[in-house]
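If you're matching them up, the sequences are chains X and P in order. Here numbering that gives the first Met the number 0 is used: position 40 in the first sequence is 39, and no number is missing along the way. Here numbering that gives the first Met the number 0 is used: position 24 in the second sequence is 23, and no number is missing along the way.
You may find that some hints are simply not true.
Put simply, identical chains are the same to the list, so a pair is met inside one copy or across any two.
Okay, derived cross-link-like pairs now, SDA-like style, lysine to any residue, Cα gap no bigger than 25 Å in a straight line [what the hints assert, rightly or not]: (1) Lys235 x Val338; (2) Lys9 x Leu137; (3) Lys66 x Ala289; (4) Lys9 x Gly63; (5) Lys235 x Gly294; (6) Lys235 x Ala297; (7) Lys329 x Glu62; (8) Lys235 x Ser320; (9) Lys235 x Arg325; (10) Lys266 x His200; (11) Lys329 x Glu239.
Hints in this document: simulated from the structure, not taken from any laboratory.
Protein chains: 2
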Amino acid sequence: MSIGIVTPQKMHFSQPLPLRSGASLPAYELAYETYGTLNAERSNAVLVCHALNASHHVAGTYEGQPKSEGWWDNLVGPGKPLDTDRFFVIGINNPGSCFGSTGPTHTNPATGQPWGSDFPVVTVEDWVDAQARLLDQLGIERLAAVLGGSLGGMQALAWTLRYPRRLRHCVAVATAPNLSAQNIAFNEVARRAIVTDPEFHGGHYLRHGALPRRGLRVARMIGHITYLSDDSMEAKFGRELRNGQLAYTTQDIEFQIESYLRHQGDKFSEYFDANTYLLITRALDYFDPAREHAGSLARAFAAARDVRFLVVSFTTDWRFSPARSREIVKALVDNQAAVSYAEIDAPHGHDAFLLDDPRYHAVMRLRFQNIAREVGA
Amino acid sequence: MSIGIVTPQKMHFSQPLPLRSGASLPAYELAYETYGTLNAERSNAVLVCHALNASHHVAGTYEGQPKSEGWWDNLVGPGKPLDTDRFFVIGINNPGSCFGSTGPTHTNPATGQPWGSDFPVVTVEDWVDAQARLLDQLGIERLAAVLGGSLGGMQALAWTLRYPRRLRHCVAVATAPNLSAQNIAFNEVARRAIVTDPEFHGGHYLRHGALPRRGLRVARMIGHITYLSDDSMEAKFGRELRNGQLAYTTQDIEFQIESYLRHQGDKFSEYFDANTYLLITRALDYFDPAREHAGSLARAFAAARDVRFLVVSFTTDWRFSPARSREIVKALVDNQAAVSYAEIDAPHGHDAFLLDDPRYHAVMRLRFQNIAREVGA
Numbered sequence: 000m001s002i003g004i005v006t007p008q009k010m011h012f013s014q015p016l017p018l019r020s021g022a023s024l025p026a027y028e029l030a031y032e033t034y035g036t037l038n039a040e041r042s043n044a045v046l047v048c049h050a051l052n053a054s055h056h057v058a059g060t061y062e063g064q065p066k067s068e069g070w071w072d073n074l075v076g077p078g079k080p081l082d083t084d085r086f087f088v089i090g091i092n093n094p095g096s097c098f099g100s101t102g103p104t105h106t107n108p109a110t111g112q113p114w115g116s117d118f119p120v121v122t123v124e125d126w127v128d129a130q131a132r133l134l135d136q137l138g139i140e141r142l143a144a145v146l147g148g149s150l151g152g153m154q155a156l157a158w159t160l161r162y163p164r165r166l167r168h169c170v171a172v173a174t175a176p177n178l179s180a181q182n183i184a185f186n187e188v189a190r191r192a193i194v195t196d197p198e199f200h201g202g203h204y205l206r207h208g209a210l211p212r213r214g215l216r217v218a219r220m221i222g223h224i225t226y227l228s229d230d231s232m233e234a235k236f237g238r239e240l241r242n243g244q245l246a247y248t249t250q251d252i253e254f255q256i257e258s259y260l261r262h263q264g265d266k267f268s269e270y271f272d273a274n275t276y277l278l279i280t281r282a283l284d285y286f287d288p289a290r291e292h293a294g295s296l297a298r299a300f301a302a303a304r305d306v307r308f309l310v311v312s313f314t315t316d317w318r319f320s321p322a323r324s325r326e327i328v329k330a331l332v333d334n335q336a337a338v339s340y341a342e343i344d345a346p347h348g349h350d351a352f353l354l355d356d357p358r359y360h361a362v363m364r365l366r367f368q369n370i371a372r373e374v375g376a
Numbered sequence: 000m001s002i003g004i005v006t007p008q009k010m011h012f013s014q015p016l017p018l019r020s021g022a023s024l025p026a027y028e029l030a031y032e033t034y035g036t037l038n039a040e041r042s043n044a045v046l047v048c049h050a051l052n053a054s055h056h057v058a059g060t061y062e063g064q065p066k067s068e069g070w071w072d073n074l075v076g077p078g079k080p081l082d083t084d085r086f087f088v089i090g091i092n093n094p095g096s097c098f099g100s101t102g103p104t105h106t107n108p109a110t111g112q113p114w115g116s117d118f119p120v121v122t123v124e125d126w127v128d129a130q131a132r133l134l135d136q137l138g139i140e141r142l143a144a145v146l147g148g149s150l151g152g153m154q155a156l157a158w159t160l161r162y163p164r165r166l167r168h169c170v171a172v173a174t175a176p177n178l179s180a181q182n183i184a185f186n187e188v189a190r191r192a193i194v195t196d197p198e199f200h201g202g203h204y205l206r207h208g209a210l211p212r213r214g215l216r217v218a219r220m221i222g223h224i225t226y227l228s229d230d231s232m233e234a235k236f237g238r239e240l241r242n243g244q245l246a247y248t249t250q251d252i253e254f255q256i257e258s259y260l261r262h263q264g265d266k267f268s269e270y271f272d273a274n275t276y277l278l279i280t281r282a283l284d285y286f287d288p289a290r291e292h293a294g295s296l297a298r299a300f301a302a303a304r305d306v307r308f309l310v311v312s313f314t315t316d317w318r319f320s321p322a323r324s325r326e327i328v329k330a331l332v333d334n335q336a337a338v339s340y341a342e343i344d345a346p347h348g349h350d351a352f353l354l355d356d357p358r359y360h361a362v363m364r365l366r367f368q369n370i371a372r373e374v375g376a
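So that you can see chain X by itself, here it is in the shape it has in the complex (with noise of 0.2 Å):
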């Protein structure tokens, strides 16, 4: 069942929030939604971390929009395996992003205009900050859980870091402990694509009138095939033509998997912001936790040693490899932290964490029904 018409709150902030860059965002707006019901010793709460392309709304519909589903409304829900009817859950949008919380497309107090480039280079430790401020506000001293996937992984994992205090169980999902080199490259590749459109404007295309629709374009092409398996771009178009018969063309589309990314390209700069997509892999880049540990993962996973961990990986993931979940388990297990490990079978690569995968979705029920359980949810 889903969980049926949700609507989106704010939550402002006046105090300036400091960042890891040494700089600070001043008083800004968060996004976020709940669902599901704060039970009255306050011990049913998670929160849902989310990706690069996501936002705060992880669950149900908007009034008059049918179609908009939240990016997890598959996980989230009344008898999903993240069960509304037990947990009280919480989707937040990240600083910077472009979906409602304070981002590069809103005004810059110290200028009247947009951000822009100018905007505060944010990381996955401030986000987790962030998101620690709302709970205040909302009066959750302690989360049940903290999940997320990807880069909803990476700020589950901060979490267990910078407030092992603040959650019981942590459920990463097709994460890693950092971005490898070729991880890197990838983004490097997106940004240089954004960067060098001329309609960039050194990152004030708003103050322009521009947009670098071409740049975001190319960037989430980069990024889609990341996302998908080569097995599974192989099943879902192979080398199938568009037209059935070669045209000859250097710059008309030939096969279905141009037309498909093109597509995936058109969408995406309609309605995603062009700062944001550097902000968010730059944190993506940044984001590694062994660094202030003089390199060791498992230093620095000594301060999540009470918190209870899930860490779930999928076989064909090229983009974070179970290789990449299994170094955060061996911190853990190194630490004598209470790890589960689950690496799952499954033919979508990265993407398959936002899909129906029945065994992915059987672990995950079955850890819920767990912490329910202990924290009487």
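Use these hints to put chain P onto chain X, whose structure you have.
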């Protein structure tokens, strides 16, 4: 020992070249180089086919340019695996390229303007036809071998299907029987980066005094990621910072891998032609010998059953993985063709075919020694 100073040559063809698209290339020139001496029996000629970013300049250096080694100088030369003391080696620049043979930067005789994007679409088979004509002029009826890596390997394979009586041996390195959906996807993103660069002007940038360098840079950066293995990128760059500490910037370089990729993109955009990039990636996309045989690669290779094959792949090559080479081997075995297959355990990804791996070079040396004995070279 290096082959020393070499001099490129040109050959003019007044007879138009009919192309697979149905169009034809009017009078054209091919740039080529030869190394070693054709023996009296004309039995020791080896054709080396080039890949995307290479040319007829296979080995040796140019007068007064000591750093101008050919792209396969480590493999081809006196005493090298392909020994120019025994073989007469020929490198031919393919039409559509930007290194001397007739291509999009040359003048279209019909307009008196640069061809630009009006240059006809060329395929691997068209290149092989052009190469065969040049060999006719050199008086070489039958080649001891055709050798190529990557896209060059596709040409070597196409030789065995198109002119099976004109070669004894085919050596196909780090190649594939066609591009996967993922391969096409990467090509398509690169093409979109070029075509949507405002300086592209529909492919007639030269007439506008412009060059789509931004698009070429991004295209090259994407390509480069696919040439290296994840592991070798990790070993070479990891998460190393360029300046030892983070600057928190979305547009400037933070990581060494970014610096490296930007440098590769910049260099490439200074010398490579954008229309050539489109043409060559399309030739890659189109190559698919099985297509005309109801999807059966085995049936396609029935024509080549009397050619002897060496197929070489590299374990960490994720662009053209060993599995793709095994498809070729399987099709040849199905035809009871003579095929040897070497899967080299090398860390360098696709680029390994250009590098000095001792096991790889030993396999190549042995094969060419055997060929030399066979042809009396």
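Now the hints, each set against the structure:
Neither within a single protomer nor between protomers do Lys235 and Val338 lie at most 25 Å apart by alpha-carbon distance, with minima of 35 Å and 32 Å respectively. Taking CA atoms no more than 25 Å apart as the test, Lys9 paired with Leu137 passes inside one copy only; the shortest distance there is 12 Å, against 77 Å between copies. In this assembly of identical chains, Lys66 and Ala289 lie within 25 Å of each other by CA distance neither inside one copy nor across copies; the values are 41 Å within and 42 Å between. Taking CA atoms no more than 25 Å apart as the test, Lys9 paired with Gly63 passes inside one copy only; the shortest distance there is 20 Å, against 69 Å between copies.
Within a single copy, Lys235 and Gly294 get their C-alpha atoms only as close as 40 Å, which misses the 25 Å cut-off; across copies the closest is 17 Å, which meets it. Taking the closest pair of Cα atoms, Lys235 and Ala297 come within 25 Å of each other only across two copies (24 Å); inside a single copy the shortest separation is 40 Å, beyond that limit. In this assembly of identical chains, the alpha carbons of Lys329 and Glu62 never lie at most 25 Å apart, being 45 Å within a copy and 57 Å across copies at closest. Within a single copy, Lys235 and Ser320 get their C-alpha atoms as close as 21 Å, and across copies as close as 20 Å, so both meet the 25 Å cut-off.
In the homo-oligomer, the alpha carbons of Lys235 and Arg325 lie at most 25 Å apart only across protomers (22 Å), although the nearest pairing inside one protomer, at 29 Å, exceeds that limit. Proximity of Lys266 and His200 under a CA criterion of 25 Å is satisfied in both settings, with 22 Å inside one chain copy and 24 Å between copies. In this homomeric assembly, Lys329 and Glu239 come within 25 Å of each other (Cα to Cα) only across copies, at 23 Å, whereas the closest approach inside a single copy is 42 Å.
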